[in-house]
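Line by line, the protein sequences give chains U and B.
Heads up: the first sequence begins at 0 in numbering that gives the first Met the number 0, then just goes up one per residue.
Heads up: the second sequence begins at 0 in numbering that gives the first Met the number 0, then just goes up one per residue.
Derived by calculation from the structure, the hints in this document are not laboratory data.
A hint or two may mislead.
Computed list of lysine-lysine pairs in DSSO-like fashion (alpha-carbon distance at most 30 angstroms, straight line) [claimed, not checked]: (1) Lys338(B) <-> Lys122(U); (2) Lys524(U) <-> Lys649(U); (3) Lys97(B) <-> Lys339(U).
There are 2 protein chains.
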Amino acid sequence: MAAMDRRRRVIIEGVKPEIDCGRFPIKRTTGESVRVEADIFADGHDAVSAVLLHKREGGDWVESPMMPLVNDRWEGEFTVQQMGRYFYTIEGWVDSFKTWRRDMVKRVQAGQDVTVDLLTGAKLLDECTGRATGDPAAQLAQWAGELRGDGSLESRSELSLREDVAAVASLYPDRRLATRYAKELVVVVDRPKARFGAWYELFPRSWGEPGKHGTFRDVAAHLDYVASMGFDVLYLPPIHPIGDAFRKGPNNSVTANPGDAGSPWAIGSEEGGHKSIHPQLGTMEDFEYLVSEANRRGMEVALDIAYQCSPDHPYVKEHPDWFRRRPDGSIQYAENPPKKYQDIYPIEFESEDWRALWDELKSVMTFWIGKRIHIFRVDNPHTKAFPFWEWAIGEIKKDYPDTIFLAEAFTRPKVMYQLAKAGFSQSYTYFTWRNTKEEIVEYFTTLTTTGVRDFLRPNLWPNTPDILPEYLQFGGRPAFITRLVLAATLGASYGIYGPAFELSDNTPRQPGSEEYLNSEKYEIKQWNLQDPWSLHDLIARVNAARRENPALHSDRSLRFHPVDNEKLICYSKTDQESGNVILVVANLDPNYTHAGWLQLDLKAIGLDADHPFQVHDLLGDSRHLWTGSRNYVQLDPKLLPVHLFRLRRKVRTERDFDYFL
Amino acid sequence: MAAMDRRRRVIIEGVKPEIDCGRFPIKRTTGESVRVEADIFADGHDAVSAVLLHKREGGDWVESPMMPLVNDRWEGEFTVQQMGRYFYTIEGWVDSFKTWRRDMVKRVQAGQDVTVDLLTGAKLLDECTGRATGDPAAQLAQWAGELRGDGSLESRSELSLREDVAAVASLYPDRRLATRYAKELVVVVDRPKARFGAWYELFPRSWGEPGKHGTFRDVAAHLDYVASMGFDVLYLPPIHPIGDAFRKGPNNSVTANPGDAGSPWAIGSEEGGHKSIHPQLGTMEDFEYLVSEANRRGMEVALDIAYQCSPDHPYVKEHPDWFRRRPDGSIQYAENPPKKYQDIYPIEFESEDWRALWDELKSVMTFWIGKRIHIFRVDNPHTKAFPFWEWAIGEIKKDYPDTIFLAEAFTRPKVMYQLAKAGFSQSYTYFTWRNTKEEIVEYFTTLTTTGVRDFLRPNLWPNTPDILPEYLQFGGRPAFITRLVLAATLGASYGIYGPAFELSDNTPRQPGSEEYLNSEKYEIKQWNLQDPWSLHDLIARVNAARRENPALHSDRSLRFHPVDNEKLICYSKTDQESGNVILVVANLDPNYTHAGWLQLDLKAIGLDADHPFQVHDLLGDSRHLWTGSRNYVQLDPKLLPVHLFRLRRKVRTERDFDYFL
């Protein structure tokens, strides 16, 4: 028999959260809690105790008790207060004193002779004494003496069952044969913006005077417009020099005319690459000015990281071995056979010189971090090696734990999950194409109630420069409103590509296409920000509601409620701490009025069946007095296709006057 | 950056079967296959290839290709032929040649100029050549030459798409950057009896002449009776000397009279302990005679391992430190406060002398293995430390891989699962108390379709000496028949405690009790084996049907089919290889006739909707011609409450005459 002590009788298994056997960390933001569950049990009938251990990286373990739920399932909880990495694990042991006390209760109730059992208890308290010091040790020793003393059997029995004795004894258990869970699981803790934020995407070159190429200074002059809608993040497509070779013309035409602006994603020219600025946008100084002006208005600037090169990129000359070469000596352009994208050279992550390459790519991000950029939207991360992301994001977060990475991957589900596991703070989702009630309920139930919620944070986009979904094409303005409110309330993080969104631009390049006609990706646009049909004010109301209602700051409380009409969807989010409850009802049919009966899960939103409550529409400002779970709604898309209700409870004041808070 | 090569782009995760992150082995029997699934994918659009690797302990890895299913899920399979331990894992890689060929198809279809692409293919074939030897190397080199040769573009394009080129190239992939799954998962391979067997439990002391204590020789004289019912395993409760101290009398009374037989589970007296035989049963020679006579009839003898001692057990004197001591110096008897079991001393698995204790306990089993016992039914394993079982079973199976361990644990589900994970070959289940259709469907769906099926093999008992379930108490003979057939067909392994079962003994000690009146556990019984109401013949028919129908030899194919009557349950088992299908329909109401319509899942049982088929009742010998999924059944419990149908398909003979096979 091996030398190890095999007498550790407690089993700890089925730990949640735990991603892929602990291979990947879970994610939280500062101030959030981590609720841990596990199966904890031993053979036989002895009582078991367990603690949850957690520590900040480099710190000491902190213990908190775990409590049994049902069927050998236990739970515990801890809060993460600082950015960086935390660890957690579990320890459980057979608890002799707890077992003895539990049995004593039964023995005393049955009127048995407990003379010998009291001596057993005294011995267990002696052992606790040996593990204690100071006052508790003295106290435990005194109790042990009393248990075996010459007091009456009755008074000693009484002492044996006292709560305070159990409480002190429980602090000094015998953990020599405790089982420590084999893994130390990791939490990556981000700042709250990784969980909650409203993004606005714009092309700076379209914000100048009519007929002129817009600049960072022009954007800075319009920051009040963006800020007045209540956005937190201003996201800019690539700001780097645009290549000339094979430059694309308007509507992605293969040949560009002189003066055509080209696609910002064709990165690199004689004027520089990923660490340079497209000269027509301004200077580095202008850029820094824009960043500081945005910050002054409570907004951060997010940059686009697109690891690909135009044929004119300096890397192509300086590091030809960072690209794949064709047998004829030319560099391999991007392809999706039979389609060819000759304006783009993909980077070869398997290059023999991969170490230098990966270091350089990482340095692109740290360069911009040096320019006070702490949010990156990463273009097509699923076409770059997963191990690169895990390494690069891990390294960067060691030095800059406040960095946020949004993965722009619209691809197969497991690939998207893998990017989130590898370290991306947020992920684009299929929201853009989930339009029916069944689709939305199924998808968001998966994202918010399964293990996925511990590693993938959704960021919901009703449109992007690449995607004008059919629902918006055919649904018009009511569709834009519905999708806006769905994105902003289903997702604590969401974003729009504007001004195309607030101006309800919904003309596709051709029928069946999800590309915009005259897409801003290939040309400079002029936007009429004064359009009276603009959704500007509505967006401002939606974002104000988001800020003011903590229920909308997280996705974990999302719950769908049945409605007897397939076109109406209803869901709630709640904030435990404040009691804040948001209830959304949306008409998914942009063409017709629909009505139906909700069946609210009152328990989920913390209400009694008997008490009236008010629902206050934060968009239309209407108020309705409801009672119980069954309530009627009717939504006309031509007026407003959604209710964004805040639930208000009845409060009785000192002067005996009821109102709704 | 660390020195490791991070360019391994393939991800392998979500591997099934895999128990608790590979902490525990899966179970199979010789000849069974292991079907392995995993998520396998890489970034981007390159084609991926993967192999499943397996090896017998001490042997070399064997590779077999894995095939994609859907949504990045892949599958592979291997067969385990010998007892012992096998290992399996997965390797996947980005496959350049496969990617190139896939893209060539699209390029050629689109009529593109493939001049350079052919050169790329030639280069890839050159690389394959370098990894090949002999004829394949020469062949690959020749093809590479042709691809870059001066043949017409058309003929070279054709060559590039040839299946035989792809087939040979696929044998020599570049796996330098392959990803090997991080774990080597374990299979414990048992002999088929661990999966399929019918058990019969009897108390030898009741098989003697009237008024006399039965012996092994008496049992040997009745072996034909047991064998004629078709059982595979003859299981004997403990055969060791029974203690005198605190011996229990009939019906578990606290005081025994002189001559009372006592409980066989109160093990140990002056005459010996766990390696000795109760003198009244005979000698070791008699025991060995019984074993060989049973073997001659195709039956194995299973012994009971009950690690507990009567106060008279030799261990008590020789190893007082193997027991827990009370403060008054006495040894702690078994308790479930306020109940006391003073005739039983539990063994202290946490003893300071645990190494010697555990060795001795293990030696009990190897002692009986020396007497040609290879099946152990272990009494209350859940009151002994899990690590003991994992160690002891693991050690024994190293030397005796044919040993089978049945866990008699009726306790909380996770504890039962843990015993199975720790190494028990088979487990008692909750079947004994699952009586309604809903209960049976829910429980057996869990056991046979979830991950549980890979580590827990159910052994179903309608009764035991400890358990006379209420269903049998109130349901009479029809209830016995139904529960027999359910046990024998839901479970590839099942058992009965006889002759109490075949004689439908159903009188409880008192109302509300599950104990038998005048339980054989505490006294010698006389059984009238000639009782005309005996289920002997029916049991023989059921066990014959089990033997003859491979569908009943495993639980993995179990499938329930809807019936529009809550009292009727219907399920099938199928054997892929032979095409054998068994269909059971049971009336769960022992009192009334019930009828209903089945809705058969024809696909699950391998039938077309349009072709008639015959169902042949192997118990009542009736035959019914059915077509399609919807079929009528009616079962009168007073006649026979179950159909045990064998499905017979129509076969057309050479002489154009149809019959059902």
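Hints that the structure is at odds with (numbers, increasing)
2
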